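Q: Each chain, written out:
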Amino acid sequence: MSGPADTAWRVGSVSRISKETPSAARIVLDVDGWPGNDAGQHLDIRLTAPDGYTATRSYSIASAGPGMVVDLAVDKLPDGEVSPFLVDDVMAGDKLEVHGPLGGWFVWRPDAASSPVQLIGGGSGVVPLIAMLRSHHDTADATPFRLLYSLRTPEDTFFPEVLKDADVDYVYTRRAPDGWPTPAGRLTKDVLAASVFAAAEKPRVFLCGSTGFVETVAAWLVELGHDPRMIRTERFGGT
Amino acid sequence: MSHLDGNALAGVLSEVFTFDPTLARARCANCYSVDVLARAMVYVDGSAFVVRCASCDAVLATVMDGDGRRWVSLKGVSAIEIPR
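Those protein sequence lines, which keep their order, are chains D and E. For the first sequence, the positions run 1 to 239 when this note's numbering is used. For the second sequence, the positions run 1 to 84 when this note's numbering is used.
Derived from the structure by calculation, the hints contain no laboratory data. Warning: the hint list may mix true and false statements.
[To be verified] One side only, chain D facing chain E, incomplete, derived with CB under 7 Å:
hint, residue
1, Ser58
2, Glu81
3, Gly103
4, Trp105
5, Gly237
Please read all numbers here as calculations on a predicted model, not as lab measurements. Even for Gly, the Cβ is constructed at its ideal location relative to N, Cα and C.
Taking the hints into account, I'd like the entire structure generated from these sequences.
A: Below, the structure written as structure tokens:
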């Protein structure tokens, strides 16, 4: 459904925008001619200033499957060129230039394979993993799925309505919910080992987050015996 | 400057090639390792992309936009294998 031949610049109309977290917005687009997309793909959004200056940024898609409705969740980078506009200024009815669906690598397709799937997301890196969880749920796929989600505080949770039906381990880095059994703190190798499918189960791993998060966790996974070829990563930069 | 990875090339290079560039396997001309472009390291500076080998850090490719044109160099790639 998402071969490169389907990839094109299209116009997306914002049908809904709402606050997702204190720093992020959920944006629902109706994209005329959108061919559907696989879980994990992204799109590019291009903004053009009156003087012709353009800025293009990639955003993961939180939805999957056929249809012309595309869900995004955009985290505002304080010194960003595109995300502050998308989070603070865009209104329902606005039109955006979008290019996609893009990327066939960081993608999960329903397959009921015997090897389980381990999702690991840091911050807004959970967005493409949300698409995988939705696709897994909507197609009643039998593959065992787990998500390890590192986030700052409970208020920073993306797509809680999707996560409530999933097998999720949360790591709160700044502040945990009241009564949480462990204090807030960064993900450690021990917590990682205790929260993901063991290497012996040969899980396929999808790991997405800031560059530092992805590289740290990927290195730990290899130290824990995971096959690097089974680990697919997507970095979104940042610190 | 923090880097990205080859997934970030999907948009800019799909306007150049007729295949999904992130799934193409490229051979590094420096260290001869072969991997999908999605696993390469990508450094973005404005509208320029510098693509480096994840194994040896040599420059595989550069993509730069400006003046209504796009320049693509594949100087560090000795061969590409394209899914058909």
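Q: Which of the numbered hints are not met once you compare them with the structure shown?
A: Checked against the structure, the only hint that fails is number 2, while the rest are satisfied.
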